[in-house]
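*Asks:* Work out the full structure, taking the sequences as your base and the hints as a guide.
Residue numbers (our numbering), protein chains in the order written: chain A, 229 to 570; chain B, 229 to 570.
One thing to keep in mind: the hints can contain errors.
If several chains are the same, the list does not tell them apart, and a pair holds so long as it fits within one copy or across any two.
What the hints assert, rightly or not - Once the Cα atoms are required to be at most 16 Å apart in a straight line, the calculated EDC-like pairs of lysine to aspartate or glutamate come out as:
1. K324 <-> E342
2. K516 <-> D459
3. K293 <-> D353
4. K516 <-> E495
5. K293 <-> D368
6. K516 <-> D503
7. K494 <-> D466
8. K324 <-> E546
9. K494 <-> D459
10. K293 <-> E460
It is worth saying that the hints were derived from the structure and are not from the lab.
There are 2 protein chains.
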Amino acid sequence: MTAPSTQPTPTLADVARRAGVSTATVSRCLNTPDRVIEETRNRVLEAVRELGYSPNFGARTLAAKRTNTIGAVIPTMENAIFARGLQAFQEELRLKGITLLVASSSYRADLEEEQIRTLVARGADGLFLIGAHRDPALYDFLNRRGIPTLAAWVHDPDAPVPTIGFDNHAAMLDLAREVIARGHRRIGVISAEQASNDRARARVAAIRAAMAEAGLGADTLSLVETAYGIDEGAAAFDTLMQRTPRPSVVMCGNDVLAVGAMGRAKETGYDVPGDVSITGFDDIELAKVCSPGLTTVHVPHRQMGTQAAQALVAMVAEGAPGQGQRLDTYVVLRGSLAPPRA
Amino acid sequence: MTAPSTQPTPTLADVARRAGVSTATVSRCLNTPDRVIEETRNRVLEAVRELGYSPNFGARTLAAKRTNTIGAVIPTMENAIFARGLQAFQEELRLKGITLLVASSSYRADLEEEQIRTLVARGADGLFLIGAHRDPALYDFLNRRGIPTLAAWVHDPDAPVPTIGFDNHAAMLDLAREVIARGHRRIGVISAEQASNDRARARVAAIRAAMAEAGLGADTLSLVETAYGIDEGAAAFDTLMQRTPRPSVVMCGNDVLAVGAMGRAKETGYDVPGDVSITGFDDIELAKVCSPGLTTVHVPHRQMGTQAAQALVAMVAEGAPGQGQRLDTYVVLRGSLAPPRA
DNA sequence: TTGTAGGCGTTATCAT
DNA sequence: ATGATAACGCCTACAA
Numbered sequence: 229m230t231a232p233s234t235q236p237t238p239t240l241a242d243v244a245r246r247a248g249v250s251t252a253t254v255s256r257c258l259n260t261p262d263r264v265i266e267e268t269r270n271r272v273l274e275a276v277r278e279l280g281y282s283p284n285f286g287a288r289t290l291a292a293k294r295t296n297t298i299g300a301v302i303p304t305m306e307n308a309i310f311a312r313g314l315q316a317f318q319e320e321l322r323l324k325g326i327t328l329l330v331a332s333s334s335y336r337a338d339l340e341e342e343q344i345r346t347l348v349a350r351g352a353d354g355l356f357l358i359g360a361h362r363d364p365a366l367y368d369f370l371n372r373r374g375i376p377t378l379a380a381w382v383h384d385p386d387a388p389v390p391t392i393g394f395d396n397h398a399a400m401l402d403l404a405r406e407v408i409a410r411g412h413r414r415i416g417v418i419s420a421e422q423a424s425n426d427r428a429r430a431r432v433a434a435i436r437a438a439m440a441e442a443g444l445g446a447d448t449l450s451l452v453e454t455a456y457g458i459d460e461g462a463a464a465f466d467t468l469m470q471r472t473p474r475p476s477v478v479m480c481g482n483d484v485l486a487v488g489a490m491g492r493a494k495e496t497g498y499d500v501p502g503d504v505s506i507t508g509f510d511d512i513e514l515a516k517v518c519s520p521g522l523t524t525v526h527v528p529h530r531q532m533g534t535q536a537a538q539a540l541v542a543m544v545a546e547g548a549p550g551q552g553q554r555l556d557t558y559v560v561l562r563g564s565l566a567p568p569r570a
Numbered sequence: 229m230t231a232p233s234t235q236p237t238p239t240l241a242d243v244a245r246r247a248g249v250s251t252a253t254v255s256r257c258l259n260t261p262d263r264v265i266e267e268t269r270n271r272v273l274e275a276v277r278e279l280g281y282s283p284n285f286g287a288r289t290l291a292a293k294r295t296n297t298i299g300a301v302i303p304t305m306e307n308a309i310f311a312r313g314l315q316a317f318q319e320e321l322r323l324k325g326i327t328l329l330v331a332s333s334s335y336r337a338d339l340e341e342e343q344i345r346t347l348v349a350r351g352a353d354g355l356f357l358i359g360a361h362r363d364p365a366l367y368d369f370l371n372r373r374g375i376p377t378l379a380a381w382v383h384d385p386d387a388p389v390p391t392i393g394f395d396n397h398a399a400m401l402d403l404a405r406e407v408i409a410r411g412h413r414r415i416g417v418i419s420a421e422q423a424s425n426d427r428a429r430a431r432v433a434a435i436r437a438a439m440a441e442a443g444l445g446a447d448t449l450s451l452v453e454t455a456y457g458i459d460e461g462a463a464a465f466d467t468l469m470q471r472t473p474r475p476s477v478v479m480c481g482n483d484v485l486a487v488g489a490m491g492r493a494k495e496t497g498y499d500v501p502g503d504v505s506i507t508g509f510d511d512i513e514l515a516k517v518c519s520p521g522l523t524t525v526h527v528p529h530r531q532m533g534t535q536a537a538q539a540l541v542a543m544v545a546e547g548a549p550g551q552g553q554r555l556d557t558y559v560v561l562r563g564s565l566a567p568p569r570a
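*Replies:* Shown next as structure tokens:
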């Protein structure tokens, strides 16, 4: 067992004393080792080890005005949609010696703002956000503070910050066209809340656009908005199927909702895709393993994370404005989509 | 559009000047509002708003030696296994005004240590870790620094820190007994790497124990260790099925590996559970939606997260030693497990 | 109730 | 190559 008493945390000065040098030299050993003669350096590092010293981040930040930290705010950590992209993002940052701080907003704009401010106060050198639509005042704040910010999961050249992602409208348009081409006319839609979610809005709008293209009246679209989650998707499915006319296909704003809907369909005795087709969006693991497989839109999550990291790091390092990038998505046809029964 | 020039970040002194008070008063308004007369306070808060001031965390930490921050290091963010528990953990912390910093270790002990030190240097008031087994020197370091630490996903009263979780050995023992009771004799196991993963070790050991109980020789167990992931589970399944004798059941260390195995089984023409049964561990969403449903061990993820948060906050606040807690798991029987074919 | 002033642990600018 | 020393922005006795 170790001693019960808490020792004071060793400081630079402690190390300096022990190694018989000044604090400046210790600092150099840690930050610019080549500016210190080898013998001195060894002595210092030895002292560091013996004392178990590790630098105080607050102090370091205060003095250096640079944290080597990037902050990210995502809507939720609870599912795979953001996890994979974020993991790639963070792996890329690690390669460059940068730490990632993650916070989540529960899909709420007010919480997102709070988290952004927290991250900024903690000295994040840059910010990674999901979606581009938010209060201009917030962008203003970030701008004044000179915090490089990047938005992912969308691509919009006109956004106030560089965006690395895909065109949600175009992506969903492709899928909706496939659906309509198979003969579906009564289309049900389960969407995430659109109010504070620009991706959700774009996706719903795309379905409407595809229907208009095909000469389908807006009244043949049956929409339910719901919170995020498998159970929520299931409940929304029930709602939709009780309406008249009953949809022959249910297009969901993301795979999680779709899997919920599919599970509920089976429970209530609907055959998928015989009685009703179901589609998703994202192509996460769930889409592959459920059965039938889920027809969905493939999003290059890892690529998005990696490129976002590279772009953001460049923005931080060079103070450059930063380049957005549009990534490609494609429709993945699996068993959950088929022509409607005559 | 906003002015292109970056304004210097406002400081306490700027706010004080603008409000015509001292920095001490501004500080009080922010931290102990009731120690300031209302009129003064309003004036100060007004100035805060106008300037868009937010406190510098580094400086605050340096001066106050308290960050209201708790750090967590999890093996990976890429899947649902830790996500749900962590989300609950963070929601509970938010309720108490505490910020959560999350880092991930990619299941590597060296990276975990690095992340722990980073978090400590950043002034985390407390630490949330997964699993209890790690280098004693690391516990020593935490102990000397006086950083309250809690381990989750395991329960072990003898661990160096309080643990809130379940008995991995007992949980897997239950499942293995079910498997054996159905008549399986040739048992294949796909485990996560055991070296730096006490949960994986306990689970494999439990399977061995159940076999011994049933008088099955250790040679009828066929083990593959693999990295984490659906694809890895698929590859491991192939390996296992090529061995002689071929297992009649494949028990996986977690649901993700199991789903990978199940997918591969279907691809290669094995009927599940007709030709081979498959089991998992964790009971994440995947287990419910794959088909057949995955027989697995249900783990109370959200409860674990919530209780861990409460316990850790208490440790931080009271400096008390902290109480571990054992949570219950139970076997969930779904279609993926059946008696072997004669 | 409010102000003054010292100190928190590092980095970075000068000297030496 | 190394050493003094002045910031960095905030908190908190202590004084008024």
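*Asks:* Each of the hints needs a verdict: does it hold here or not?
*Replies:* Status of the hints after comparison with the structure:
1. K324 <-> E342: between (28 Å within a copy, 15 Å between copies)
2. K516 <-> D459: Classified as between: cross-chain Cα gap 12 Å, same-chain 19 Å, threshold 16 Å.
3. K293 <-> D353: within (9 Å within a copy, 23 Å between copies)
4. K516 <-> E495: Cα proximity of K516 and E495: across copies only (12 Å, versus 20 Å in one copy).
5. K293 <-> D368: Neither. Shortest intra-copy (21 Å) and inter-copy (32 Å) distances fail the 16 Å Cα cut-off.
6. K516 <-> D503: neither (21 Å within a copy, 22 Å between copies)
7. K494 <-> D466: Answer is within: at 12 Å inside a copy they meet the 16 Å cutoff, but 30 Å across does not.
8. K324 <-> E546: within (15 Å within a copy, 39 Å between copies)
9. K494 <-> D459: within (14 Å within a copy, 27 Å between copies)
10. K293 <-> E460: Intra 44 Å, inter 43 Å, cutoff 16 Å: neither.
Of the hints listed earlier, those the structure fails to meet are numbers 5, 6 and 10, in rising order.
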